[in-house]
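The listed protein sequences correspond, in order, to chains Y and X.
The opening position of the first sequence corresponds to residue 1 in full-length UniProt numbering, with each subsequent residue numbered one higher.
The opening position of the second sequence corresponds to residue 1 in full-length UniProt numbering, with each subsequent residue numbered one higher.
I should point out that these hints are in silico values taken from the structure, not numbers from a laboratory.
Note that the structure is predicted; figures quoted are calculated from it, not measured.
Even for Gly, the Cβ is constructed at its ideal location relative to N, Cα and C.
A portion of the hints provided could be inaccurate.
Claimed, not checked - Partial pick of chain X residues on the chain Y-facing surface, computed with a CB cut under 10 Å: (1) TRP206; (2) THR212; (3) VAL213; (4) LEU214; (5) LEU218; (6) ASP220; (7) ASN222; (8) ASP232; (9) LEU235; (10) PHE245; (11) ALA283; (12) SER375; (13) ARG377; (14) PRO380.
Each chain, letter by letter, is given below.
Protein chains: 2
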Amino acid sequence: MIAEGAANDAGAVLGAESMSSGNAVFPPPDDPEPRDRQPFGVLTPNPPLPEGHPGANGQRFFTIQRVNGNGANGKNDGVSGGHRHTLEESDRVKKNSVQRYLLKEAREKKKASSVRAMSTQNQPSQKTYHTKATGLAALTVSNHSSENELKLYGSCFCPFVQRVWIALEAKGIPYQYIEVDPYKKPQSLLEVNPRGLVPALRHGDWGSHESTVLLEYLEDLNTGPPLLPPGDAKLRAYCRLWADFINRNIVPNFYRVLQEQDEQKQISNAQELKDAFATLVNAADSQGPFFLGANISFVDVQVAPWIIRLSRVLKPYRAWPDPDAGSRWGAWVNAIEANEHVKATTSDDELYIDSYERYAQNRPNTSLLASAINSGRSLP
Amino acid sequence: MIAEGAANDAGAVLGAESMSSGNAVFPPPDDPEPRDRQPFGVLTPNPPLPEGHPGANGQRFFTIQRVNGNGANGKNDGVSGGHRHTLEESDRVKKNSVQRYLLKEAREKKKASSVRAMSTQNQPSQKTYHTKATGLAALTVSNHSSENELKLYGSCFCPFVQRVWIALEAKGIPYQYIEVDPYKKPQSLLEVNPRGLVPALRHGDWGSHESTVLLEYLEDLNTGPPLLPPGDAKLRAYCRLWADFINRNIVPNFYRVLQEQDEQKQISNAQELKDAFATLVNAADSQGPFFLGANISFVDVQVAPWIIRLSRVLKPYRAWPDPDAGSRWGAWVNAIEANEHVKATTSDDELYIDSYERYAQNRPNTSLLASAINSGRSLP
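Let the sequences and hints guide you as you build the complete structure.
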């Protein structure tokens, strides 16, 4: 409902001239094409399970997706094409592969539990990630636990989730928070993001993911205070430019400092991260305390989760220094820490210490992100 | 002028409720703070040179930027702080470093010219990048050579530039195209982007860079046909999600295929790129031919420069296969190739063959992007 109203408002911005142009990229509203053909991003509900299906008792362990004419052509050349066999044959092959998958999963589970047992015998006990917010964030979760058409799938320690969470709080948009164990992705999350990464938003029968995409989506809803300055194309571009800088320089460097095990490399990685923060501070309003001035906005929300993890994660694990008193940087950190929406989405310190130990020890299979950092590939 | 008009229109979208909110992120328009304090992204014109200054004859070789209280604190801890010496001392140090820089540059120039001479003696002659568009793109350059307050700094072979160029053409926004040799960045470009990367846009006394940021800027101008569907927050998010996919998966994989010298790795990299294109095709409208349907839009513009470089660069250098006739993928490639705005910004084939040879041979110092791919870091 929020979305529809906002959509109509925003549509009115477009002048008659561009809508009537023969060259218009989008057809006028009275032409149902091409949206009716394919409702982009709309989630298809699972059909009811047949009677006697083991999943009817709550155990849902496979879905069979029939694909015809929309997949690869089997030649591994990246080109789509029709299936070369019948749908029945396709179902049979997929059922077999599901069975193989389940067997493999059972084997790995068995192996993993023995590894856990070994590690408690031979090694100091390892801390693990939390699956439930604590402190003020727990209160916010409890205030947003009732059913809502707008659902945020998040994990309490995840900084990408916190971006979207801060924005929802700052805008006062009603939402439901759904805590997800990122190592045991629920089916409802996989429906919104097949890769199972958080944050993911479900809005009615539609869903999307990627924190920056979701922040832009919340802006486009035009509900509550804007985080990008409305109507100022140049200032909006400036904010997006520095948000992009955060995603390219601050986020990956944060994990490089944390995951690096070699002490000399930790130091040079930390220097890169410090330089990136210094560059960002130089781009900010000189008075501050926030990026654009007195109030929190888009760039602050993009970087806040990593700023609050400096004292909570990088300081204990990598001796990250506190800001100098009275510096512009210190004023920004303090403003972020004191902001009510940041506080409302932040758990107690212990949650971060525990949840990031696996990164600081660079344990295998920590996350797709951790593996991307280790292999020098784009973040997932 | 375009920007101001559009800004006012878009500002009207925001309802009275959110503007009057005490919690509003941006102050109401009658409050000059905080914009007056710091005009973000506004370029400071160089002051007139003093009489007798060597630069007065057209030779401009250094600028001295006085910084006090906005730089690092000298402790290399990423924290800003006031300078510890006077502005005069700062000027002296900077003049010396400019002199050192000029000496170093002269030495390297001498060395480079001798390397060039050697390479023509001992190696097969190497092709080099073009610095002037050819074919239909040359015609477009010549039609956009006269002075305009909106300036696109571009290099004729650069796909990131072509994104912005296609969007300007599709929207019919008046602009001036300024060809830049990316290996000899002019001062006018460095004023807009201190790193000297193209594309960069200058709009009056303001400038910005990064192709995706610039595409959003052109959308925010609300001039000409939109590329993101106006008023449809969900479909806009869908487009941004897949634009993000292109930037994370298709763009870096394109260069991994081209720069890789090991044949087995070329094959596995090509498979990753093919898989990424197949995923993108599956996300597109099933009828097409473009991503959202009958017309070119945001996602097409983001990916078009790499699609047209498949047949022009990856096919000759890495035997990239043509699309299967009649496939959805083939229909998309054909639609991109036949689009008038893509054609208007595309040079003759030889320009791409020549300009990308240095990537295909993975020569050192090819570009920041090529180095980032080699070292497994985020793209610049």
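Structure-based check of all given hints:
no.: 1; hint: TRP206; verdict: 5 Å, holds
no.: 2; hint: THR212; verdict: 7 Å, holds
no.: 3; hint: VAL213; verdict: 5 Å, holds
no.: 4; hint: LEU214; verdict: 7 Å, holds
no.: 5; hint: LEU218; verdict: 9 Å, holds
no.: 6; hint: ASP220; verdict: 4 Å, holds
no.: 7; hint: ASN222; verdict: 6 Å, holds
no.: 8; hint: ASP232; verdict: 6 Å, holds
no.: 9; hint: LEU235; verdict: 6 Å, holds
no.: 10; hint: PHE245; verdict: 9 Å, holds
no.: 11; hint: ALA283; verdict: 8 Å, holds
no.: 12; hint: SER375; verdict: 7 Å, holds
no.: 13; hint: ARG377; verdict: 7 Å, holds
no.: 14; hint: PRO380; verdict: 8 Å, holds
Going through the hint list in order, the structure satisfies each hint without exception.
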